[in-house]
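2 protein chains.
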Amino acid sequence: MSEIIQKVPEATSRRLPIYYRILQKFEQSGKKRISSSELSEAMQIDAATIRRDFSHFGALGRKGYGYDVEDLVSFFRRVLNQDEQTEVALIGVGSLGSAILKYNFQKSHNTKVIVAFDPKAPPEGKQLNEVNIYHPDQMEEKLQQLDVDVVILTVPSKVAQEVTDRLVAIGIKGILNFTPVRLQVPDSIRVHTIDFSVELQTLIYFIRNDEKESQLE
Amino acid sequence: MSEIIQKVPEATSRRLPIYYRILQKFEQSGKKRISSSELSEAMQIDAATIRRDFSHFGALGRKGYGYDVEDLVSFFRRVLNQDEQTEVALIGVGSLGSAILKYNFQKSHNTKVIVAFDPKAPPEGKQLNEVNIYHPDQMEEKLQQLDVDVVILTVPSKVAQEVTDRLVAIGIKGILNFTPVRLQVPDSIRVHTIDFSVELQTLIYFIRNDEKESQLE
Chain W
1 MSEIIQKVPE
11 ATSRRLPIYY
21 RILQKFEQSG
31 KKRISSSELS
41 EAMQIDAATI
51 RRDFSHFGAL
61 GRKGYGYDVE
71 DLVSFFRRVL
81 NQDEQTEVAL
91 IGVGSLGSAI
101 LKYNFQKSHN
111 TKVIVAFDPK
121 APPEGKQLNE
131 VNIYHPDQME
141 EKLQQLDVDV
151 VILTVPSKVA
161 QEVTDRLVAI
171 GIKGILNFTP
181 VRLQVPDSIR
191 VHTIDFSVEL
201 QTLIYFIRND
211 EKESQLE
Chain E
1 MSEIIQKVPE
11 ATSRRLPIYY
21 RILQKFEQSG
31 KKRISSSELS
41 EAMQIDAATI
51 RRDFSHFGAL
61 GRKGYGYDVE
71 DLVSFFRRVL
81 NQDEQTEVAL
91 IGVGSLGSAI
101 LKYNFQKSHN
111 TKVIVAFDPK
121 APPEGKQLNE
131 VNIYHPDQME
141 EKLQQLDVDV
151 VILTVPSKVA
161 QEVTDRLVAI
171 GIKGILNFTP
181 VRLQVPDSIR
191 VHTIDFSVEL
201 QTLIYFIRND
211 EKESQLE
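Each protein sequence line maps, in turn, to chains W and E. Quick note: the first sequence uses our numbering, first residue 1, plus one each step. Quick note: the second sequence uses our numbering, first residue 1, plus one each step.
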């Protein structure tokens, strides 16, 4: 399995969790089989792209039948390691951090914030939504104790790199970065950045470009 | 200019706001020129990709000199329409919506949330961080009055499509969607979805895949 997945293009990889999510919804609604055009409509992605994505995983569907929803869900669950729960830490419990703790991936059974850190936490720790929040002084100790290697970073920009360096030093493997800082990390560490400003600017850029294009027509 | 930009691949387009952000930081720190390897390190993107991205915009640098920081910043500002401020609306002021209002793109001078909507707002409206929050009953009226065509959607999943249909009906052009719902909209409307679960699952998927790969070595 791992050998197959390594050949999958990054763009396809990024769509896998979305395929999984959508197919799970179809399964929950009682749907047994699905055509690539139905899947295309639900995914808002053209059918050719879906067929190309799926081609990387061998024969998932049958001609004239479409796809078996249950088979696809269990296939993508395996691919995404959905059977394995990942426990993550949240670093920085300001307004965004609190929103993430409150949400805490309720709909997802395989990822969960189990510990958080914030300088406002007292030395003995405190609780929010059943998650323990400790002072950052205890960050290394607690993360190692709990064997957590994936963190969500919602700290102020000015401390983002410093906190990252501390995480790197204890062997963290992945950071979901909500700060606008382009974190410097060794190649072996995955950083995925979600910068609301950049996302909004990109959206606006595409909209204005659509407008220019339609004016040229 | 618009003709040139239309030929740019989507992956390049998505990096433009990041180039702009990084170059602006160099400019603010007093740096006059920059080599593609320096830019590569700051961007955490290989130099070949940067040169390929820049090649879509003609000759931006000079051989043996590198790039003039100020020229690049003003070039990307023009490309991204940074000179033009976009006022956006926030729909749904729960915990994530509040975090976004609090943050309100302070570092960005060209995007700003100017109005928000939430069912808990009284008929006469209320204020949070100097932004007026109205009841959703007034959504169409206020958005049209204020000439807003880009919204940030932070409503509960179960009402996301219904709210979207109302926005489509009054001619909204873009939605930054923070709900996990794959919104159904006409082709002419841009939707950019940020789903924290999917982002986290994708990150974990890449990490686990890295691990498998290193075990095979």
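What the hints contain is simulated information worked out from the structure, not anything from laboratory work. Incorrect hints may appear among the rest.
[Claimed, not checked] With a Cα cut of at most 35 Å, we get these calculated DSBU-like pairs of lysine-lysine: (1) E:102 x W:173; (2) W:173 x W:142; (3) W:31 x W:142; (4) E:102 x W:126; (5) E:31 x E:142; (6) W:112 x W:173; (7) W:102 x W:173; (8) E:120 x E:158; (9) E:212 x W:32; (10) E:32 x W:212; (11) W:158 x E:31; (12) E:25 x W:120; (13) E:126 x W:102; (14) W:126 x E:120; (15) E:102 x W:142; (16) W:142 x W:158; (17) W:102 x E:212; (18) W:126 x E:31; (19) W:112 x W:102; (20) E:173 x E:158; (21) W:102 x E:31; (22) E:212 x W:25; (23) E:126 x W:158; (24) E:158 x W:112; (25) W:212 x W:142; (26) E:102 x W:158; (27) E:112 x E:126; (28) W:173 x W:212; (29) W:112 x W:126; (30) W:212 x E:173; (31) E:212 x W:112; (32) W:31 x E:158; (33) E:102 x W:120; (34) E:102 x E:126; (35) E:212 x E:173; (36) W:173 x E:212; (37) W:102 x W:158; (38) E:142 x E:120; (39) W:120 x W:102; (40) W:142 x W:126.
Determine which of the earlier numbered hints do not hold for this structure and return their numbers in increasing order. Violated: hints 3, 5, 18, 21, 25, 28 and 35.
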